Amino acid sequence: MMGINSNAKQVIAEIVSNKKVGAYHHMVFAVGDIANAAKPGNFVAISVGGESSQLVLRRAFAIYRTFDRGASGGLLEIVVAPHGAGSTWLANQQPGVKIDLIAPLGTAFGIPTEPVRALLVGGGYGSAPLFGLSDVLKNRGCRVDMVIGASTAMKIYAPLDGKRSVSSLTITTEDGSTGKTGKVTDVLREIITSNEIDIVYSCGPMGMLEAINNITEEFNLVHQCSIEESMACGIGVCMTCVLPIKGEDGQIRMLRSCIDGPVVAGESVIWSAKRTIPEGTWGAH
Amino acid sequence: MMGINSNAKQVIAEIVSNKKVGAYHHMVFAVGDIANAAKPGNFVAISVGGESSQLVLRRAFAIYRTFDRGASGGLLEIVVAPHGAGSTWLANQQPGVKIDLIAPLGTAFGIPTEPVRALLVGGGYGSAPLFGLSDVLKNRGCRVDMVIGASTAMKIYAPLDGKRSVSSLTITTEDGSTGKTGKVTDVLREIITSNEIDIVYSCGPMGMLEAINNITEEFNLVHQCSIEESMACGIGVCMTCVLPIKGEDGQIRMLRSCIDGPVVAGESVIWSAKRTIPEGTWGAH
Amino acid sequence: MFNFQTTLGQAEFENPIFTASGCAGSGKELSQFFELNQLGAVVTKSIMLKARSGRATPRMAETPSGMLNSIGLQGPGIDLFLENDVPWLRDQGATIVVSIAGESVEDYAVLARKLRAVPGISALEVNISCPNVENRGQVFACHPETARAAIESVRRNIGGELPIIAKLTPDVTSIVEIAKEVVAAGADGLALINTVLGMVIDTNTMRPKLAGKTGGLSGPAIRPIAVRAVYQVHAAMPHVKILGMGGISSGQDAFELILAGASAVSVGTASFGNPMAAMKIKEELRNELISHGFDSLREAVGYAHRSEGGN
Amino acid sequence: MFNFQTTLGQAEFENPIFTASGCAGSGKELSQFFELNQLGAVVTKSIMLKARSGRATPRMAETPSGMLNSIGLQGPGIDLFLENDVPWLRDQGATIVVSIAGESVEDYAVLARKLRAVPGISALEVNISCPNVENRGQVFACHPETARAAIESVRRNIGGELPIIAKLTPDVTSIVEIAKEVVAAGADGLALINTVLGMVIDTNTMRPKLAGKTGGLSGPAIRPIAVRAVYQVHAAMPHVKILGMGGISSGQDAFELILAGASAVSVGTASFGNPMAAMKIKEELRNELISHGFDSLREAVGYAHRSEGGN
Ligand SMILES: Cc1cc2nc3c(=O)[nH]c(=O)nc-3n(C[C@H](O)[C@H](O)[C@H](O)COP(=O)(O)OP(=O)(O)OC[C@H]3O[C@@H](n4cnc5c(N)ncnc54)[C@H](O)[C@@H]3O)c2cc1C
Ligand SMILES: Cc1cc2nc3c(=O)[nH]c(=O)nc-3n(C[C@H](O)[C@H](O)[C@H](O)COP(=O)(O)OP(=O)(O)OC[C@H]3O[C@@H](n4cnc5c(N)ncnc54)[C@H](O)[C@@H]3O)c2cc1C
Ligand SMILES: Cc1cc2nc3c(=O)[nH]c(=O)nc-3n(C[C@H](O)[C@H](O)[C@H](O)COP(=O)(O)O)c2cc1C
Ligand SMILES: Cc1cc2nc3c(=O)[nH]c(=O)nc-3n(C[C@H](O)[C@H](O)[C@H](O)COP(=O)(O)O)c2cc1C
Ligand code: FES
Ligand code: FES
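Residue numbers (the numbering used here), protein chains in the order written: chain A, 1321 to 1605; chain B, 1321 to 1605; chain C, 776 to 1086; chain D, 776 to 1086.
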């Protein structure tokens, strides 16, 4: 457990841009060195609400991309879905405003050493971290296919330059307002088969991740997924963000999704637990 | 007691301008009809902190001036001294921001029916409501002299057009950075005598008001002062803002400075009480 | 048609949004902002036998998402109150809940006798979260025996008509124990919660900020405590009607207390920040209930207690 | 030279800023942000006899200026804790206060025996705000008898060396009564306050938001309750050292608790919003004390209690 949060830094970062993209806000922060340290899958924890806010906890956001601009400092980008008080506040902040953030936090997507065929599956704003991942995979010589799904077109996050970086992009919406009508899982089996996928990466709501995991098990594929649990601290000190994870020793433990996640192996998650403590969990009684 | 708050309206008012003037912010709000109803001495109660603020109470500000612009709606002006969380937040809000305010509240300065010689004495931002008062008095044919004091030059609020509206303006600062060195009370006796003052109006910290009242008693002058007590509601429902006031029947009562004040007769205030309940107060035991 | 009506004991109310005692003045102050007959009820400031000057100032301190107050029950005394305030409220068509407070068990008896024949009062809220001068200034509602004694005293003297709502403090080891005691003593309903004892020290003067040193904490900060208290008491005595309060400032907050088990809610501190708070909350609560598919307020009361199987 | 040192029982600390139990993980998580030896002490997460998975999720809900948690004391158990966590903290040069929690009086005895010979521990914080399985799950600190029994059990088994700091819950009718009881039972100091029992109902699911239904309220919302508790206990027992906590997020907040009577303060929830909170508070408190003319922390402890004549 040495080196928890070992790349993390707290900085006051200026908002460089804030653009509405469909239902989301694409926000860019000037973060300095942090940009170098971030890997696809990591997240950033952001203070919300300003000076005399009643919101005492940070909000976590998956890092969409980072740019190292050398001497002029790095940029970090996120995609915000205005939802409750905190995310709505953040989405309303304009360029020039200074924001307190901590990054990079959490685990990153594992990158295969061989050039493999990877399928990236994102739900809603869950597509955001997959574009950075796609770039890294491509640089390693991997073929990258992508599937993005949401309830409706406004909630599909698929920027142009992101689209260009993948070999194929399939979009699904439940209301059929863009792409195929249905869920991401409706198209996975065909893509996995026809594109001879070796590994699946996913990010989105728990229900979607579970459905994806059922399919990857069916095909016996490696599945790395980024989970989203309610986090009070984001740095491992509060124990609120736990979920049952089976270790290599077969033991189930309540692990923190902020430092042992958000990216975890799909096979290690006890999907059936559904927010209970499964029998046999270490320390359960 | 009929007609409490009877002219008060709650409106969402846009900030029209916000300019730093010395240590203060001169702020202008587009308030519509309210501008007509306000009288010198009234105050406005303003929500601070924004959407998810931890500041649950309004802040009171003396109304500096109002303008009726006919069809295009009225303007209301205040002078804000950034102090704690609420006033600092307000002073940082820029034109275009919408603010929830209630006005006009509280009692107004009594206007003599005859053309008399009035002396207006303000401490710090306490000078603000006196300029509107001065205009009204001048229109009634009164001669108006003014004294403004503060600890230092930056805390003297005396705008150019305000200065023009008075017959004489004396400024005092404790550090001598502008005007005469000393307190307002150091110059009062001379002005009262030489200008044959009939009535004194004052607004500022309690200590200053008390010192002024000692002098007006000495000269047997009418003294109307605007007091400042901690207010939770500003509209008379919470009973936090009380102070002991002697009625015409000689009975001392704990009266609400938000509806029975802020302007009260200097002679009715039990200055010696100093935040205690004086003996003989109605209901004290 | 959505049914917003509610009951507390035998009393019926058109809607579940009340003002909180001590947070609506005499009613006149708010009537400039909305018509008082739009409220489920006006709960009056706790009235005592005699006129009271209340505590010295400062009487309030703002705190994170809340405030402390130590008003000390300033008021005109029951006789002037019945002469002036009640008739005025009646003229407005307001539904009236009178809150009373005593310094002794006997005070409660006298207050009840003075009130029992007064027309136009819907219920009595009995504030027993105040100091008992006969018992070293200990708060009645802090101990089962004194809580019981105060409520029994009202019960015996009020006659059969007026429902009694006992208002409890959360500053106890078990609010359920006190609630059971006052219900056994004859309370028809419970008002939960009064303020939480707190203190602020002024770091400039380096002394307690309030003249009375301690004060009552109210506002959104205490809402989780209120929800817990209402939930616990409703779980223990589902048949006892609860008037919930503590930090309600939106329809969603009111909905939370209703789901926990409150049949009506009082709006206190929120009215200081916004005189229209009660009206805003009323509208928002109605929408909240309708959007969740409820046909009436009553169906939602205590809904958070349904068994896991429920949907 | 300004003297920032403080003592709790026989234990001495370089400065009065501690982490709060359960709010600093194992220490490792924070050590990326600052050196742990800069703290007055690291107070470890309450450790129990055996490994514990803690409660099901959701375990937290944000509330106005605060949060609810129901972690359920997840942890590795005392043996692994002594094997891994304590040596690591010692290596960092951290001053260590170990927090223990039991489910029975006997648990506290065993924990004390396991700890008494461990080198490098400065004090024991005894968390008695946890359920007693032998007494219908009632919280030890809620009743004088069980509070006393738990502390006595530690006292008898710890030997004479380690100071015992009893951590109390504010959810009682009289915290002074409980405080007196645990001091009589052998506590050298008191930690005030643990979280306040609360609940949030999720208006979407219309059920309690936390899997454990109720949770502990912490953060700035409860600060006035903490200040009051520290002030009351210090007034009653000025000689007993207090470790104050509850919503401290600035040096001014810490100063408030110190003026009320705390000799040191723990920073909890504030570290969730800002991992550097403890360091920021330390700096701000030092400046606050110096700017008020104090030459040492000690002079300021309980200063708000001085008589009216004082300046
Ligand atoms: C690892 C991780 C990555 C995330 N990435 C993104 C992202 O890229 N874009 C984005 O818009 N949002 C993301 N979220 C969700 C985001 O952190 C906020 O929780 C969400 O925006 C709701 O916060 P709020 O203040 O608007 O809602 P509120 O209702 O005010 O939140 C109240 C509390 O509940 C928690 N909470 C509420 N909803 C969620 C949720 N869905 N997941 C976790 N905690 C929640 C909040 O963190 C907060 O503490 C991510 C969350 C996690 C844990
Ligand atoms: C009738 C009246 C007229 C006022 N006119 C002006 C004005 O023209 N310009 C101006 O800058 N300020 C004025 N004030 C003071 C103003 O209302 C704020 O209280 C002050 O700015 C401090 O608020 P804060 O949020 O910055 O401080 P905080 O410390 O955050 O305030 C905390 C609480 O204490 C109360 N409080 C703090 N200081 C004072 C004070 N001096 N008087 C009353 N309550 C206080 C606040 O209202 C608030 O509820 C007036 C107050 C009253 C009662
Ligand atoms: C200024 C003030 C005065 C109060 N006076 C009384 C009172 O006279 N009688 C009473 O039973 N409760 C009184 N209360 C308590 C409120 O009725 C209510 O129980 C409490 O404030 C919690 O609700 P809130 O958070 O909505 O304010 C008072 C509260 C405040 C803030
Ligand atoms: C997530 C969390 C976990 C906690 N765990 C413990 C614990 O294990 N033992 C304990 O004595 N107190 C525990 N507490 C209580 C804190 O130590 C502290 O007493 C309380 O939170 C008030 O301080 P704060 O407002 O600064 O957080 C916990 C608090 C929180 C928020
Ligand atoms: S969010 Fe605090 S431990 Fe993970
Ligand atoms: S401020 Fe509430 S009564 Fe005056």
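Treat the hints as calculated values from the structure; they're not laboratory data.
Remember, it's a predicted structure, so these values are computed and weren't measured experimentally.
Check the hints yourself; a few may be wrong.
Quick list of in silico lysine to aspartate or glutamate cross-link-like pairs, DMTMM-like style, CA-CA up to 20 angstroms [said to hold, decoys possible]: (1) B/Lys1566 x B/Glu1537; (2) A/Lys1594 x D/Glu789; (3) D/Lys955 x D/Glu920; (4) B/Lys1458 x B/Asp1481; (5) C/Lys825 x B/Glu1530; (6) B/Lys1483 x B/Glu1530; (7) A/Lys1329 x D/Asp866; (8) A/Lys1458 x A/Glu1537; (9) D/Lys1055 x A/Asp1420; (10) B/Lys1503 x B/Asp1481; (11) C/Lys988 x D/Glu1083; (12) C/Lys1055 x B/Glu1530; (13) B/Lys1594 x C/Glu789; (14) B/Lys1458 x B/Asp1420; (15) D/Lys825 x A/Glu1537; (16) D/Lys988 x A/Glu1549; (17) A/Lys1594 x C/Glu1083; (18) B/Lys1329 x C/Glu810; (19) A/Lys1594 x A/Glu1510; (20) C/Lys1055 x B/Asp1481; (21) B/Lys1594 x D/Glu1083; (22) D/Lys988 x C/Glu1083; (23) A/Lys1418 x B/Asp1388; (24) B/Lys1418 x A/Glu1537; (25) B/Lys1566 x B/Glu1599; (26) A/Lys1359 x A/Glu1371; (27) C/Lys988 x B/Glu1549; (28) D/Lys1055 x A/Glu1599; (29) D/Lys955 x D/Asp977; (30) A/Lys1594 x A/Glu1549; (31) B/Lys1340 x B/Asp1481.
Derived Cβ-Cβ restraints for the label pairs, each shown as a range [stated by the list, open to error]: (32) C/Gly895 x B/Phe1387: 30 to 40 angstroms; (33) D/Asn859 x A/Val1456: 52 to 62 angstroms; (34) C/Arg1073 x A/Gln1414: 29 to 39 angstroms; (35) C/Asn979 x A/Gln1414: 52 to 62 angstroms; (36) A/Ser1497 x B/Ser1392: 41 to 51 angstroms; (37) A/Asp1353 x C/Asn979: 53 to 63 angstroms; (38) D/Pro1013 x B/Ile1590: 51 to 61 angstroms; (39) A/Val1417 x B/Phe1387: 50 to 60 angstroms; (40) C/Gly895 x B/Ser1588: 43 to 53 angstroms.
Even glycine gets a Cβ: it sits at the ideal position worked out from N, Cα and C.
(request) If any of the earlier hints don't hold here, list their numbers in rising order. (result) 2, 5, 6, 7, 8, 10, 12, 13, 14, 15, 19, 20, 23, 24, 26, 28, 29, 32, 33, 34, 35, 37, 38, 39 and 40
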